[in-house]
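Student: From first to last, the protein sequence lines stand for chains A and B.
Going by my numbering, the first residue of the first sequence is number 1, and it counts up by one from there.
Going by my numbering, the first residue of the second sequence is number 1, and it counts up by one from there.
The hints are simulated quantities; they were obtained by calculation from the structure and are not laboratory data.
Keep in mind that a hint or two might mislead.
Claimed, not checked - Incomplete in silico selection of chain A near chain B, CB under 7 angstroms: (1) 72; (2) 74; (3) 75; (4) 78; (5) 79; (6) 132; (7) 135; (8) 136; (9) 137; (10) 139; (11) 144; (12) 149; (13) 150; (14) 154; (15) 159.
Unchecked claim - Taking lysine-lysine and the DSSO-like style, the derived pairs with C-alpha atoms no more than 27 angstroms apart in a straight line are: (16) 225(A) with 129(B); (17) 129(B) with 79(B); (18) 207(B) with 62(B); (19) 120(A) with 79(B); (20) 79(B) with 97(B); (21) 79(B) with 225(A); (22) 207(B) with 79(B); (23) 48(B) with 79(B); (24) 48(B) with 17(B).
Keep in mind the model is a prediction, meaning the values are calculated, not measured.
Glycine included, C-beta positions come from ideal geometry on N, C-alpha and C.
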Amino acid sequence: MGFTDLPRLSKGVTNLLQLSSELFPPNLQDVPAILNALFETIQIAFVGTIIGFILSIPAAALALRTAFPSYITAPTRALLALVRTIPALFWAVIFVIAVGLGPLAGTLAVSVYSLGYLSKLYYEAFEAVDQDTIDALRCAGASSLALVRYAVIPESLNAIFSQLFFMFEYNVRASTVLGFVGAGGVGFLMINYIETLRYSSLTTIIILTLTVVVAVDYVSGRLRKMVLPEVRLKTPTKIRTGPMT
Amino acid sequence: MRILEVRDLHFSYDGLKPVLRCVNLVLERGEALALMGTSGAGKTTLLKIVAGLLYPYEGVVKLSSDRVGYIPQHFGLVKNLTALQNVLLGSLGRVGKTSSLLGRFPRHEVERAYGLLEAVGLAHLSERKTALLSGGERQRVAVARALMQSPSILLADEFVADLDVANAIDIMRLTIDVCKRSDIAVLMTMHDAFLVNRFADRVAVLKEGRIAAEMDAKTVDVDRLEAVLR
Numbered sequence: 001m002g003f004t005d006l007p008r009l010s011k012g013v014t015n016l017l018q019l020s021s022e023l024f025p026p027n028l029q030d031v032p033a034i035l036n037a038l039f040e041t042i043q044i045a046f047v048g049t050i051i052g053f054i055l056s057i058p059a060a061a062l063a064l065r066t067a068f069p070s071y072i073t074a075p076t077r078a079l080l081a082l083v084r085t086i087p088a089l090f091w092a093v094i095f096v097i098a099v100g101l102g103p104l105a106g107t108l109a110v111s112v113y114s115l116g117y118l119s120k121l122y123y124e125a126f127e128a129v130d131q132d133t134i135d136a137l138r139c140a141g142a143s144s145l146a147l148v149r150y151a152v153i154p155e156s157l158n159a160i161f162s163q164l165f166f167m168f169e170y171n172v173r174a175s176t177v178l179g180f181v182g183a184g185g186v187g188f189l190m191i192n193y194i195e196t197l198r199y200s201s202l203t204t205i206i207i208l209t210l211t212v213v214v215a216v217d218y219v220s221g222r223l224r225k226m227v228l229p230e231v232r233l234k235t236p237t238k239i240r241t242g243p244m245t
Numbered sequence: 001m002r003i004l005e006v007r008d009l010h011f012s013y014d015g016l017k018p019v020l021r022c023v024n025l026v027l028e029r030g031e032a033l034a035l036m037g038t039s040g041a042g043k044t045t046l047l048k049i050v051a052g053l054l055y056p057y058e059g060v061v062k063l064s065s066d067r068v069g070y071i072p073q074h075f076g077l078v079k080n081l082t083a084l085q086n087v088l089l090g091s092l093g094r095v096g097k098t099s100s101l102l103g104r105f106p107r108h109e110v111e112r113a114y115g116l117l118e119a120v121g122l123a124h125l126s127e128r129k130t131a132l133l134s135g136g137e138r139q140r141v142a143v144a145r146a147l148m149q150s151p152s153i154l155l156a157d158e159f160v161a162d163l164d165v166a167n168a169i170d171i172m173r174l175t176i177d178v179c180k181r182s183d184i185a186v187l188m189t190m191h192d193a194f195l196v197n198r199f200a201d202r203v204a205v206l207k208e209g210r211i212a213a214e215m216d217a218k219t220v221d222v223d224r225l226e227a228v229l230r
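Bound-form chain B, shown alone (with noise of 0.2 angstroms):
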């Protein structure tokens, strides 16, 4: 079942200098697309107009849930705020205005934010404010309050980008896990050639803001991707 329809996108900041051109993507229920291409071809720019976060100058981009998890480049937490409560900003859409406004969370989100965390191997760091946190356990936290979003699809902007390799493998795999466990559609940002090869589903390459190439991520390689992008 299809969860995400991108037809005949373009865009552009300032009305003149294009960062999308004719972009055109689909991504079904439970599947896993990596977005690859050179830095400035139009990746972030994509995710974030598939999160509502930029309009299109034209073109359609249809959803079949507006439940959307977003995670940030940089992760976006409060950092001010400890582990917990940045995942249970993720209930906000659901929680009451005035209720939220307060602080006033119900005890079935808390208990589900605390179950995130415990998923994700930080229940023990649930009241640590997030700016004591390491590189890895902000990742996590990040994780854990897209997911508490209950989304149906989840866009992540090069969410492992910064971490080493063993921490970027462990967050992937967990990542994927889960939304594959609940049937989560995965769209996401990325770099690395292996980690996309041992995580993603399928991957769309995106040169000057045309998608260049889609492929099987099973096929991806680093000679077929500089083919690709030269």
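Excised from the complex, chain A in its bound form (with noise of 0.2 angstroms):
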């Protein structure tokens, strides 16, 4: 493994103390540049997360064992599993190849991605909708769409919107490295910075990176909770002990 490498070992201490001397003070000079290509990214996990939901919610219902018959589910779950076990990464590469350089291929890559995890956790939140409730809509001559749109979409409304704001936060942070491979945003500038050994100015693109990720969760948080019905716990009185009187 190298650990007795002493020479080498110590070459690498030196050399991540001279790149922390390098790192700071960070280079404020690159902040418009960077805020321009933040804003980039966040337009390509929105835009991207929003295209991802709405594909997911007809993948999803196609996918419902309680719902169509196995000819119409096997097949669509087998699809999303392997739009899954592709990582985002690769599906920007893919893009990149098919649509060029630029935030297209990044918001394509989200929102493919977006569709195989949005969908698969939408298919599970369906299956949990009480078969009672399937049973009497099938009884009055509900057809499998019928189903899905009156029973199924209304019973898991709460899940549908609390994993879109999950996916939201994981998608902006996921889509600052999808410039690495030129599919636009913050990452484009990201890996230009480490090339070109601009240290400082990686260290005020971090920052402001984080600062916008803290943002976008605080926000998504505070949407999420005026979407969905909050279960306020009320603080628990006390009880005294002590002696009777």
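Build the complex: two chains, separate frames, hints provided.
Tutor: See the structure below:
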């Protein structure tokens, strides 16, 4: 493993100290360019998540064993599993080859990746819908699509929104590295600064990315609270103990 | 006039352990038949087979009409929809597929759904989500939804089991009155001998998947039931 190679290890420590000294102070001249790139990253994550979400609802419905026969659900599930197997960065490479460098490739990569994951999360939530509800509507003459429209989706609304917000937060983080392969966003600047040894600019990018990610998590959390009903637990009153009067 | 005929019905979930064995049953229009028996005797399974939700392993189930209303044990309401929307879902079999998927129900169906909510005493709660209704109110919505199907036969699975006596009597009276007036047959699974005695016409007792006894509901009492079930 090379752990006994002490001269090499000590050179590594020296290199790290050298890198640390070059990381600071952050280069503030690059802030406007970095903010532009971060805005593009959020756009990629937002549009990609929305497209993935729109596609994932019908995909999850078609994977639903309680509503559709196995000759529909089995191939749908297999296809979605294949989509999930490929990492977002690899999808970005595929789309850079297909549509060229830039945010379009990143947006398509995030869309497909979100489709794979949201569909699985959704069909699992859909299958947890009370069988009594499905049975009652089947007896009322509901078609498979009507079952999805009137029982499955309304009963899974909380899960649908909760997973959507989670996916967006995840995609903002994932989109920061898509630029490494030329799929747009702040990652392109990151790799550029690393290759040109501009480490103080890299520090600026890391600080701003961290700030934006925390801000997105906060806003997303607030939106989730606005959309989803929250269980408020009342603080229990402390039981008093002591002698009876 | 006969509405339901079950002949030599056998059923098993796994193909090994029988749940129903050689069940024979008939039901006339407007008649209320209570299925009684211990838990696991096969009452719910029999109801689901008649509803077309399960297929018989062997035997025949004949219905003279395909209009079957079904009230599951825990009502089967969509909690995020309003009482009126839930009742409207009873018309899905009649309303065109595209219109229903777009949420466009004909005006006369909406009026009928509202009328049924009025009949079960819930018109004032028509716009409230069923998640916010009490157990008794949800039960009334479930009855209204089943009646919205204009059924020839109503299948009800222990549909008052979770309610207090006063609510259970109210809902049983309401349901049986409407069904008698409209000549709707009722096949219901029940545990309460008092309610059966008061509201059913006939009783079939299931024991280990077989009909162990059939009797006039007016003659049912706890001692007689115990004698059959022991």
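Student: Indicate, hint by hint, whether the structure satisfies it.
Tutor: Consistency of the hints with the structure:
{"no.": "1", "hint": "72", "verdict": "violated (17 angstroms)"}
{"no.": "2", "hint": "74", "verdict": "violated (21 angstroms)"}
{"no.": "3", "hint": "75", "verdict": "violated (23 angstroms)"}
{"no.": "4", "hint": "78", "verdict": "violated (27 angstroms)"}
{"no.": "5", "hint": "79", "verdict": "violated (24 angstroms)"}
{"no.": "6", "hint": "132", "verdict": "holds (4 angstroms)"}
{"no.": "7", "hint": "135", "verdict": "holds (5 angstroms)"}
{"no.": "8", "hint": "136", "verdict": "holds (3 angstroms)"}
{"no.": "9", "hint": "137", "verdict": "holds (6 angstroms)"}
{"no.": "10", "hint": "139", "verdict": "holds (4 angstroms)"}
{"no.": "11", "hint": "144", "verdict": "violated (10 angstroms)"}
{"no.": "12", "hint": "149", "verdict": "holds (6 angstroms)"}
{"no.": "13", "hint": "150", "verdict": "holds (6 angstroms)"}
{"no.": "14", "hint": "154", "verdict": "holds (4 angstroms)"}
{"no.": "15", "hint": "159", "verdict": "violated (12 angstroms)"}
{"no.": "16", "hint": "225(A) with 129(B)", "verdict": "holds (20 angstroms)"}
{"no.": "17", "hint": "129(B) with 79(B)", "verdict": "holds (6 angstroms)"}
{"no.": "18", "hint": "207(B) with 62(B)", "verdict": "holds (23 angstroms)"}
{"no.": "19", "hint": "120(A) with 79(B)", "verdict": "holds (23 angstroms)"}
{"no.": "20", "hint": "79(B) with 97(B)", "verdict": "holds (22 angstroms)"}
{"no.": "21", "hint": "79(B) with 225(A)", "verdict": "holds (20 angstroms)"}
{"no.": "22", "hint": "207(B) with 79(B)", "verdict": "violated (35 angstroms)"}
{"no.": "23", "hint": "48(B) with 79(B)", "verdict": "holds (22 angstroms)"}
{"no.": "24", "hint": "48(B) with 17(B)", "verdict": "holds (18 angstroms)"}
Checked against the numbered hints above, the structure violates hints 1, 2, 3, 4, 5, 11, 15 and 22; every other hint is satisfied.
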